[in-house]
Structure formats: structure tokens, C-alpha cells
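2 protein chains.
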Amino acid sequence: MNEFLERYTAYRELIDRRLSNVIDRDEPVTMYEPARYVLSGGGKRIRPVLVMLACQAAGGDPMDAVDAGVAVEILHNFTLVHDDIMDRADTRRGRETVHRKWDENIAILVGDELMGIAYKTLLNTERGDVRALTRVFTEGVIEVCEGQSYDKEFEALPSVTEEQYLMMIGKKTGWLVAISAEMGAIIAGADAAQTAALVEYGRCVGRAFQVQDDLLDVVADKKTFGKPIGGDIIEGKKTFLLVHALSGATGEDLDLLHAVATHTAPAVELVERVTAVYEKLGVLEDARKKIQKDTSAALQALERLDDNQGRRMLAWFAEMLLERQY
Amino acid sequence: MNEFLERYTAYRELIDRRLSNVIDRDEPVTMYEPARYVLSGGGKRIRPVLVMLACQAAGGDPMDAVDAGVAVEILHNFTLVHDDIMDRADTRRGRETVHRKWDENIAILVGDELMGIAYKTLLNTERGDVRALTRVFTEGVIEVCEGQSYDKEFEALPSVTEEQYLMMIGKKTGWLVAISAEMGAIIAGADAAQTAALVEYGRCVGRAFQVQDDLLDVVADKKTFGKPIGGDIIEGKKTFLLVHALSGATGEDLDLLHAVATHTAPAVELVERVTAVYEKLGVLEDARKKIQKDTSAALQALERLDDNQGRRMLAWFAEMLLERQY
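Quick note, the sequences are listed as chains Y and E, same order.
The numbering of the first sequence is the numbering used here, which starts it at 538 and goes up by one.
The numbering of the second sequence is the numbering used here, which starts it at 538 and goes up by one.
Read the hints as simulated data drawn from the structure, not as lab findings.
One thing to keep in mind: the hints can contain errors.
For chains that are exact copies, the list does not tell them apart, and a pair is met inside one copy or across any two.
[What the hints assert, rightly or not] Straight-line alpha carbon distances no greater than 30 Å define the calculated BS3-like cross-link-like pairs of lysine-lysine that follow: (1) Lys827 - Lys581; (2) Lys827 - Lys657; (3) Lys638 - Lys826; (4) Lys817 - Lys830.
Using the sequences plus the hints, can you model the full thing?
Structure below.
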């Protein structure tokens, strides 16, 4: 295991431990049992690790950023619980969703409660300007809700532009990644130039991460992916791939993609047929280029920081996310 | 109009104006249209006025407490939007609920967003310890969610004790009233003794307010109440009245009350029959006594503060709530 991966793993395990201890009450049972379930569901812990690394890259102690990192991860998990209700999703990371395992009322309440627990954890942060930190976090709550709202609005539209897609996904997914970097900077007491570089890094990584997610839905290995291949196609989700393909397709291909986007495509061999169209139009390659471009931009933003272990970790982190297969 | 009522009205109108301007975006439309709808729904604005008056009573400027007051009111409204989904309520303050007027997904998201807007507004508060203020607010989020969780758990139980009822309602309703007073104290920079007195006042007023709510469900005038008389009885809600009556009833009366509590009572003339049992057992009188006792305790807590206009307003406020008919 290389030195970077070793450190990432250690940070991730630290976050997991903190997440498993963050709830200090048992009752009401219908609240805290599902809340614990959510927080023990695993995940790559990208956002909290980013908070820690950004803090380190800006000259701070990554340990000062653990509470804020855990808070962002809880916030992220709250959005998943509520999104799963809205998307009628049955599973998440290979486990039953909260509204399936318990019920919808419980899932609504547990999500709400997790937001409270997220703020409570955030407020344990002792370094940095607590008002600025809480403001950035709160803007994250607002943007991520707006992103989900646009996502649901777009589901009802026959098509959206690439610009609309990038705006929506920037709020829904990119924002929390970007503020993770910004929060690390605030905790480290970074100056304006350092903060701007870290925010830029976070924004690029967040975008690359999402397009990668869209790409993996089609090209991932079924075993390691943890969810069915082509799920986005079946749901007619307006991913980077679909939006991009719609703007380049003609004839029968365009008809098929329109049918996917409006949920009227025939189910038979749908994933295979759409994937073939994607390949023919070169949108998989376009997605790979987009990811590489954003990753390069992220690495360039890091150049504006002084070299230290945190900065090197962030560079490695961006490349690792680029290469991930799940 | 007396001087106190005049000032309360002015504060309430100020809060209403601020609530109507707190949302500064229009898109996504499916987010901000219902959010504005919620915040323009009126109400007694008890919590924000309490934040302002508590600040004033502790020697601060009530205008410094407006943002925090607006934040508590938004938080309160967020809980109503989500509670209405869980309770399958069709109307709220005489208007359609969000999940009825739009849909459930929108109501979930709008509630989430309102919590973000509440924190954003809170963080505009310039006086007092912002960390302490945000912590108290966050504990409010957590407690109010726990209260709702217990409330739903209790719905499924055949009976609950008066102690359980008071614990639940203390979280679900009392807590936000209590922290309103505490937040005012923090903004004013109150000392520990002042803060304790104001928290005690808030706790007592919150409890009296809730029992009054339970009482009004049965004795209110249909015209001014704004919702059907006896709604709690029909829903089998474990109110102060029902819990208290269950502990004193025997024979047929007990059978009827059990049937109400387990949602198995025959619908015919249910409200009239249960109200008659309440009267016979004296629980309406017990409720009135309980309200008076809590109101007296609230007034006593105020005696520990120096006399000023804020303190006199708080005393008037507690008595006004005691006499309210809706």
C-alpha cells in the first residue's frame, strides 16, 4: 500500500469511528436505531477526508478538521435518506433504504434529525471562525436542496441542456465537495488566495466525481459497483452521458434517447442499446475527457498553494477519484 | 388597544415583514414558491416575539434579536410542513398543506430547505456568542425531532402515562418556546441567573401553551379556532386531556377512552360523548388548573429579573396566552 493510500485509509477509519459514536442517545428507538443504521452504512468518506486534507494543505492540523468533516458526511447522509424517499429507491450501498426498512415517516424524521446532529457536530470545531464555518456549511444545505429540486424538475422535462445539467449537478453533488475544501481552509485560518485555490480544487473534483459517477453507471464492473449497471438509463436520469448524447444524435438514435429521457423507451435490451448509441456517438470518450480536464484543473489549482504533505495528498486524492471503478 | 398589545402587534408585524422577505431567490420554482407560501401563512409568532422580549428583559435591544426570532419561526414552520406529511393533514391554519397543494416530495424538500434558511437567518445575528446561540438553536432542532418521534411512537401504543406525555410534549412543543427565551438571553449577553430565569419562564409558558392547545381542541369556539372542534379526539391523539382522563376513568367511560386511544371508537357522536366524559371526570378543570399553575410559575421566574419594559411585556404575554381562545 502506498503512503497516500495508507493515510487516506487511516483518515477514513477515523471518520468511520467518529460516525459510529456521534449518536449518544438510544431513545426514541424509532429515531436513533435508523439514524445509527444510516451512519454505519460505509462509503468512501470523500467529503470528510477532503475537509481534513484541505485544512492540512492550508497549513493547519487535519485533526482540528475532524468534527467539521464528520458534520459534512452526516449532512451528505441526510440528503441520501430524503433523496431515496423521493426517488423511491429500495437499496443504497447494497442495503435497504430507511423508508423501506422502516417507513417513510421515520425516514423523513431521521433525515431531519441527522441535519441537527450534523450542526451539533460542526459546532464542536474549535479552530477557525465559527460563524464563517457555519455559514459555508449552511449555504451547502441550501444549495444541495436546490440541486435536488432542479433534479426533480428536470425529470419531468423531455430534455435539458448540458448547461442546465452542469448547474444542477454542481449544486446537488459538486457543492458539498467544494465546501468541504473551503471548510478545511477556514479551520486552518487560510488567507484569501489559499481559500480560493482550495475552493477551485473542490469545485473541479466535485464535477469530475459526478461525471465519473455517470460514466460508471454504464462501464463499471458489475461485481465491484454495488448497484445494477445501467440504472440511470432505466430511470431515464438526465446524466452527463444522456444530455451530451441527445445534443449529438440523429435519426433512430435520437428517437431512442428521447424515449429514454421521457421514460417511454421499451424495456427490452434497453441498457445495451443505449450503451451502444453512447459508444457510437463517442460520449463515453467525451465523458472521460471531461473528467480528465476537470482533474487537471483541480491539480492546477493546487499549484497555487505551498508544497506540503496535505497538498500532495490532495493531488493524489484527485487522481485516485479519477481512476476509481466504483 | 392597550400598550402591551400594541407593542406585541408591532413586533408581530415586523416579523411577518421579515418572513416575507427572507427568501431572495425565485428558482427552482418548485422550491421557492411553496417555501414563500409556508412563510406567509400567518400565525401568532409567539416564538420570535419571545426571543425579542427575552432579549429586552435581559437588558438588550429587542431589534438585535429579530434575526434569531425569524430563524426560530422558520424552524417551527419547517417542523409543521414535515409533521403535516406524517400526520396526513390536509389543512393548516385554514389553508391547504404543502404536500396537498403540491406533492409529498416537494413538501419534504421545502422543509429541508427551510431549515437551511433558518440557520442562514440565525447567523445574521450580530450580538451575543454566535456559537452558544447556534448550539441552543441546534439542540432545539434535535429535541423537536425527538418529540415528533415520540409522538408517532405513542400513537401506536394503547396508552401512555402523564409523565410520558409531558416529556414528549416538552420536546415537541415546549422546547422551541424555551429556547426562544434562552436565545434572547444569549443575544443580550445575560448572566447565568438571568438566563436561568428566562429559560424557566420559557419552559413554563411552553407547557401552559400546549395544555391550552389540548383544551381548546374541546372547548374552543368553532368560528375563531380555525380547525374542527374535537380533531384530537377523532385522531385519537394522546393529549393532556385523554391521558389524564384515562388515569381516572372506570367502567364504560374507560372503555370509550380506550377505544379512542386505540382508534377503535365508533364515529357516531364521538366528540360529544368524549367531551361529556371529560367534563364528568373534571379533566377540563384539571387542565385549566395546570395551565394556571404553569403560568404562575412563569410569572414567578420573571420576578428574578430586574424590572423593565421587557419583563413587563413577558408577564403580559404569559397571561395573554393563558386567555387565548384560538
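Hints, verified against the model:
For a Cα distance limit of 30 Å, the shortest separation of Lys827 from Lys581 inside one copy, 22 Å, qualifies, whereas the shortest one across copies, 53 Å, does not. In this homomeric assembly, Lys827 and Lys657 never come within 30 Å of each other (Cα to Cα): the closest approach is 37 Å inside a single copy and 34 Å across copies. When the C-alpha separation of Lys638 and Lys826 is checked against a cutoff of 30 Å, the pair qualifies neither within a copy, at 40 Å, nor between copies, at 44 Å. Proximity of Lys817 to Lys830 under the C-alpha cut-off of 30 Å is restricted to the intra-copy arrangement: shortest distance 22 Å within a copy versus 78 Å between copies.
In this structure, the hints that do not hold are numbers 2, 3, in rising order.
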